[in-house]
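J.: For reference, the chains in residue letters:
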Amino acid sequence: MRKVELKGITKSYDGKQDVLKAIDVTVEPGEFFVLVGPSGCGKSTMLRMIAGLESITSGELALDGKRANALTPSERDLSMVFQNYALYPHLSVEQNITFGLHVKKVSKREQKERCKEVCGMLGLTDYMKRKPRELSGGQRQRVALARAVVTQAPLCLMDEPLSNLDAKLRAKMRSEIRQLQRKLGLTMIYVTHDQTEAMTMADRMMILSDGDVQQIGRPLDVYNNPANTFVASFIGSPPMNLIDAEMKDSVLVADGHWMTPVTAAMKQKIGSGRVTLGVRPEHISLAKDSEPGFLVQVANVEVLGTETLVTFDFGEATQWIAKWPGQSSVQPGEQIRICVDDRHLALFSAEKGERIVCEAAPVKKVSL
Amino acid sequence: MTTMQHEFTADRQVERKRAWSNWATGMLFLLPSLLLFGVFLFYPMVRTVYLSLFLTDSQGVPIVFVGWENFLNLFQSTSFQISAKATALFVLYTVPAGIVLATALAILANQKLRGIGLFRTMFSATMGMSVAASSVIWMFLFNPSIGLFNRILAALNISGVQWLLDPQYALLSVSIATIWMNTGFAFLILLGGLQNIDQSLYESARIAGVSESCKLRKITLPMLSPTLFFVTTVSLINAFQTFGQIDLLTKGGPMESTNVIVYSIYKDAFINYNVGSASAQAVLLFVTVLVVTVLQFKIGERKVHYQ
Numbered sequence: 001m002r003k004v005e006l007k008g009i010t011k012s013y014d015g016k017q018d019v020l021k022a023i024d025v026t027v028e029p030g031e032f033f034v035l036v037g038p039s040g041c042g043k044s045t046m047l048r049m050i051a052g053l054e055s056i057t058s059g060e061l062a063l064d065g066k067r068a069n070a071l072t073p074s075e076r077d078l079s080m081v082f083q084n085y086a087l088y089p090h091l092s093v094e095q096n097i098t099f100g101l102h103v104k105k106v107s108k109r110e111q112k113e114r115c116k117e118v119c120g121m122l123g124l125t126d127y128m129k130r131k132p133r134e135l136s137g138g139q140r141q142r143v144a145l146a147r148a149v150v151t152q153a154p155l156c157l158m159d160e161p162l163s164n165l166d167a168k169l170r171a172k173m174r175s176e177i178r179q180l181q182r183k184l185g186l187t188m189i190y191v192t193h194d195q196t197e198a199m200t201m202a203d204r205m206m207i208l209s210d211g212d213v214q215q216i217g218r219p220l221d222v223y224n225n226p227a228n229t230f231v232a233s234f235i236g237s238p239p240m241n242l243i244d245a246e247m248k249d250s251v252l253v254a255d256g257h258w259m260t261p262v263t264a265a266m267k268q269k270i271g272s273g274r275v276t277l278g279v280r281p282e283h284i285s286l287a288k289d290s291e292p293g294f295l296v297q298v299a300n301v302e303v304l305g306t307e308t309l310v311t312f313d314f315g316e317a318t319q320w321i322a323k324w325p326g327q328s329s330v331q332p333g334e335q336i337r338i339c340v341d342d343r344h345l346a347l348f349s350a351e352k353g354e355r356i357v358c359e360a361a362p363v364k365k366v367s368l
Numbered sequence: 001m002t003t004m005q006h007e008f009t010a011d012r013q014v015e016r017k018r019a020w021s022n023w024a025t026g027m028l029f030l031l032p033s034l035l036l037f038g039v040f041l042f043y044p045m046v047r048t049v050y051l052s053l054f055l056t057d058s059q060g061v062p063i064v065f066v067g068w069e070n071f072l073n074l075f076q077s078t079s080f081q082i083s084a085k086a087t088a089l090f091v092l093y094t095v096p097a098g099i100v101l102a103t104a105l106a107i108l109a110n111q112k113l114r115g116i117g118l119f120r121t122m123f124s125a126t127m128g129m130s131v132a133a134s135s136v137i138w139m140f141l142f143n144p145s146i147g148l149f150n151r152i153l154a155a156l157n158i159s160g161v162q163w164l165l166d167p168q169y170a171l172l173s174v175s176i177a178t179i180w181m182n183t184g185f186a187f188l189i190l191l192g193g194l195q196n197i198d199q200s201l202y203e204s205a206r207i208a209g210v211s212e213s214c215k216l217r218k219i220t221l222p223m224l225s226p227t228l229f230f231v232t233t234v235s236l237i238n239a240f241q242t243f244g245q246i247d248l249l250t251k252g253g254p255m256e257s258t259n260v261i262v263y264s265i266y267k268d269a270f271i272n273y274n275v276g277s278a279s280a281q282a283v284l285l286f287v288t289v290l291v292v293t294v295l296q297f298k299i300g301e302r303k304v305h306y307q
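Protein chains in written order, with UniProt numbering: chain A, 1 to 368; chain B, 1 to 307.
Derived from the structure by calculation, the hints contain no laboratory data. Fair warning: this is a prediction, and the values are worked out from it, not measured in the lab. Treat each hint with caution, since some may be false.
[What the hints assert, rightly or not] Using 25 Å as the maximum straight-line C-alpha spacing, the simulated DSS-like pairs for lysine-lysine come out as follows: (1) K251/B with K129/A; (2) K218/B with K112/B; (3) K323/A with K288/A; (4) K104/A with K215/B; (5) K215/B with K129/A; (6) K85/B with K251/B; (7) K218/B with K108/A; (8) K218/B with K112/A; (9) K218/B with K116/A; (10) K215/B with K112/A; (11) K112/B with K131/A; (12) K21/A with K352/A; (13) K21/A with K3/A.
Hey, can you work out the whole structure from these sequences and the hints?
T.: Written as structure tokens, this is what we have:
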């Protein structure tokens with residue numbers, strides 16, 4: 001277990017443009033912390049700075065409360081799993097796993113024992129004499145994991161470890177890694193661009209975009225209360241539906257004809273002017289006869305067995321997606337009447353995209 | 001039934017016709033290289049083997065079939081034995097030292113430093129130089145009175161060496177020049193091999209904290225082994241076939257000490273007009289290179305780690 005603190009960490013390669021801008025975060029001991037963001041957002045750079053593979057331009061990195069900026073990677077006592085696994089093709093699985101253990105003064109006998117134990121844990125016992133090229137993708141990934149675990153380092157860093165696996169194996173390894181981390185009580189910092197991995201694995205996660213922290217929090221908090229439009233559209237699959245809306249009198253008007261009334265408190269917060277309105281797909285439903293709703297045209301339907309994704313045209317250039325439980329019989333081209341659960345409406349400022357928090361906004365149903 | 005059989009044979013005919021036209025097209029593409037290889041490689045090879053079994057006149061026209069006599073004469077001739085020994089020594093001097101030097105330079109030039117491009121260009125520059133030009137440079141360096149080497153020795157109060165004129169030093173001197181000439185090529189190929197090694201392997205080693213020498217032994221050299229193998233094979237074949245610098249620097253002398261086999265072939269064929277013996281030597285050289293290369297593939301390749 002290990003505590004990792006980043007205080008105002010900044011990275012710049014050319015001295016002019018910051019790739020990472022003043023990152024402040026504390027990863028608690030034993031925590032599974034996920035860094036998530038689109039490619040090029042700086043998440044891998046941040047991980048490599050923690051590992052000591054990249055220098056820190058400014059700010060402080062502390063491990064267990066001690067400044068670690070100038071420590072070499074090996075002095076930081078951590079393990080790392082690389083995206084391409086970084087296995088040595090000329091060494092056997094066993095040699096790969098025990099590679100470098102002699103530096104930590106582990107005796108030959110203990111190396112063997114540790115390797116055996118880890119291989120047993122990860123189901124690699126039958127493959128210890130094989131070369132990496134004789135293994136499947138999933139097995140290679142396990143060897144990379146084993147190599148991290150065998151060092152018994154209290155902090156493990158993972159750089160997109162699952163992105164080279166197929167979808168089915170990825171789901172399996174997700175759960176395996178999480179179980180392993182819990183069992184060994186590791187502090188884990190895990191980089192991914194896949195929001196599903198972030199949602200399913202993280203104790204807490206950090207969403208990065210263009211080197212800026214967008215939000216830090218527990219997965220459900222982030223999902224339910226996205227801090228801005230970027231997080232709203234990045235986390236969740238399918239993402240949150242967004243549309244520009246305008247305050248007119250005491251109603252919000254989106255796309256000229258869809259209106260939703262707001263309370264006085266909300267109105268005061270919004271002021272006059274434009275906002276972005278967000279709705280999660282699961283909060284859009286087919287309107288019952290008695291409910292107010294509005295007509296839309298269905299553009300596409302994806303039936304997934306347990307749920308149905310309905311894409312419909314909303315306004316001139318926007319398409320929204322609704323997610324309904326079960327197997328819907330709606331057909332593309334059909335006109336349907338939908339209704340939005342306005343208890344879950346999210347409002348964002350139009351300029352910066354930041355969320356406008358409106359505590360408990362009991363507004364009446366959406367009207368046409 | 002009969003119509004079906006009829007249709008079947010018709011299908012077969014169409015297939016056969018297509019296969020033939022595919023073959024003809026393929027051959028058409030091969031024709032230019034087959035023609036070139038045929039005229040400049042296959043025919044001379046066959047002709048060499050043929051001539052090695054004959055006594056010839058001064059024009060190289062075969063006169064009497066003598067069987068293995070040319071070969072038997074060679075094995076009994078001291079001159080050929082000296083030549084074979086010189087060749088073996090030359091290969092031994094140039095190949096290992098050249099490869100070690102090129103590898104060391106490549107590892108040095110593989111650093112990420114400002115201005116490293118300048119060093120890379122310098123180290124590979126000999127590749128762009130002709131054997132003739134390089135030989136002239138080295139001739140000046142080796143010159144007993146005005147050459148750089150003897151001047152250095154003089155500055156150190158050591159008496160000068162007759163680099164190219166002393167039978168004791170001549171082969172070594174030519175070897176040194178040859179190592180210099182071949183370094184550029186080997187360096188460039190090895191640098192390419194080094195740059196192909198996945199950086200994350202080194203990063204992983206850094207996290208494990210292994211030493212630089214351990215990284216070199218356990219990562220760099222094994223990962224470079226396919227490239228090293230290729231460079232070794234090519235260098236060996238090249239070393240056996242060296243001619244230019246010998247002709248320009250020593251002409252096989254002094255006292256035949258640098259009379260490597262290709263130079264000996266040249267002398268026999270074009271100075272002594274003994275084409276039969278020259279052909280026999282060429283055949284022996286061919287067989288030697290073949291055996292060495294096959295052995296290298298059989299033994300050396302076991303130590304190569306392809307990814």
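J.: Look at each hint and say if it fits the structure.
T.: Evaluation of the provided hints:
no.	hint	in the structure
1	K251/B with K129/A	violated, 56 Å
2	K218/B with K112/B	holds, 21 Å
3	K323/A with K288/A	holds, 16 Å
4	K104/A with K215/B	holds, 16 Å
5	K215/B with K129/A	holds, 22 Å
6	K85/B with K251/B	holds, 17 Å
7	K218/B with K108/A	holds, 17 Å
8	K218/B with K112/A	holds, 19 Å
9	K218/B with K116/A	holds, 22 Å
10	K215/B with K112/A	holds, 21 Å
11	K112/B with K131/A	violated, 31 Å
12	K21/A with K352/A	holds, 18 Å
13	K21/A with K3/A	holds, 21 Å
In this structure, the earlier hints numbered 1, 11 are contradicted, and the remaining ones agree with it.
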